[in-house]
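Peer 1: Spelled out, the chains give:
2 protein chains.
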Amino acid sequence: MATQKLNKTHAHSACPMDSLLQTISGPWTSYILWLLSSQGTLRFGELKAKMPGISSKVLTERLRMLEGAGLVNRDYKPTIPPSVSYSLTPRGTELKDVLDGLNVLALRWHAEDTEVEA
Amino acid sequence: MATQKLNKTHAHSACPMDSLLQTISGPWTSYILWLLSSQGTLRFGELKAKMPGISSKVLTERLRMLEGAGLVNRDYKPTIPPSVSYSLTPRGTELKDVLDGLNVLALRWHAEDTEVEA
DNA sequence: TCCTTTAGTTACTAATCGGAACCTACTTTT
DNA sequence: AAAAGTAGGTTCCGATTAGTAACTAAAGGA
Chain A
55 MATQKLNKTH
65 AHSACPMDSL
75 LQTISGPWTS
85 YILWLLSSQG
95 TLRFGELKAK
105 MPGISSKVLT
115 ERLRMLEGAG
125 LVNRDYKPTI
135 PPSVSYSLTP
145 RGTELKDVLD
155 GLNVLALRWH
165 AEDTEVEA
Chain B
55 MATQKLNKTH
65 AHSACPMDSL
75 LQTISGPWTS
85 YILWLLSSQG
95 TLRFGELKAK
105 MPGISSKVLT
115 ERLRMLEGAG
125 LVNRDYKPTI
135 PPSVSYSLTP
145 RGTELKDVLD
155 GLNVLALRWH
165 AEDTEVEA
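Line by line, the protein sequences give chains A and B.
Heads up: the first sequence is residues 55 to 172, going by the numbering used here.
Heads up: the second sequence is residues 55 to 172, going by the numbering used here.
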């Protein structure tokens, strides 16, 4: 359990939103959510292949964190070699909708800034 | 410039949302936005007083970052001792509205979880 | 003269993050 | 029969990063 830098040092977050924000930010997290939402269920190796540069360790960490947050399902099949698939939970889907709203803002601002610079 | 762990190592974020997420997460950031949106313009010392446990360095960092992201206005008056006030920009206000949506989700989930546990 | 106030810096230390290498339990290749 | 490969991770360790504590400036007040 490494990725829990959350609200450990300071308990200023009476609001659960802060911990939710912590959960979904970080290098690869929103990318994982986006992949799972746009491509459905994916296996560990498939995810890794779609994220060039990520290490197994980091991908595992992120997925475990998202699973712990109830945003991602982990489906483990103890075959040999084992098969593990990930998919979004209903909450994950809900969250993705809100993130899309954020994305709209980000894109608009980006467009505005680019326009101004041009 | 300390809080810029952003997408330095990996440039996987073609999407501006990721950097926006990085900007607004982190220990105190959303709390600052909330204070400024609910209480209007505040001076550095006032902010610090309302955030028990934060250090000057961290508060400065966060404010500078938010200013750099165009979410917060910094109004410096070179009196002795100097007076510095902070307030939300229009973008900061827009963002806060979206964050409220996220907050609604977070609160609902929190409520659901509490209910289940009870 | 010394202390207080405001808004930060600097210096230092503690924590965290991520990459490289390793692992399991079986299957396929040589 | 031995070696290599596969899937999905762990473990170890170094480098970065974040945060706390102490210091600063410049004027006014006791």
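None of these hints come from the bench; they were simulated from the model.
As the structure is a prediction and not an experimental result, all values here were calculated from the model.
Don't take each hint at face value.
Only part of the chain B face toward chain A is listed, based on derived beta-carbon distances under 10 Å [as the list claims (entries may be wrong)]:
(1) Ser84
(2) Gly122
(3) Ile134
(4) Pro135
(5) Pro136
(6) Ser137
(7) Val138
(8) Leu149
The C-beta atom is built at its ideal place from N, Cα and C for all residues, glycine as well.
Peer 1: Each hint should be assessed against the structure and marked as holding or not.
Peer 2: Status of each hint after checking the structure:
Evaluation of the Ser84 (chain B) hint against chain A yields a held restraint, the C-beta minimum of about 6 Å falling below 10 Å. Annotation: interface hint on Gly122 (chain B) violated; nearest CB of chain A at approximately 13 Å, more than 10 Å. At about 32 Å, the closest approach between the beta carbon of Ile134 (chain B) and any beta carbon in chain A exceeds 10 Å, and the interface hint on this residue is violated. Using the Cβ-Cβ criterion of 10 Å, the hint placing Pro135 (chain B) at the interface with chain A is not satisfied: the shortest such distance is roughly 27 Å.
Below 10 Å, beta-carbon pairs count as interface contacts, and Pro136 (chain B) has none with chain A, the closest being about 26 Å; its hint is therefore violated. The restraint placing Ser137 (chain B) at the interface with chain A is violated, with a minimum CB-CB distance near 25 Å, outside the 10 Å limit. The criterion of a C-beta within 10 Å of any C-beta in chain A is not met by Val138 (chain B), whose closest approach is roughly 22 Å, and the hint is violated. At its closest, the beta carbon of Leu149 (chain B) sits 6 Å from a beta carbon of chain A; the interface hint therefore holds under the 10 Å criterion.
Consistency note: the structure conflicts with the earlier hints numbered 2, 3, 4, 5, 6, 7.
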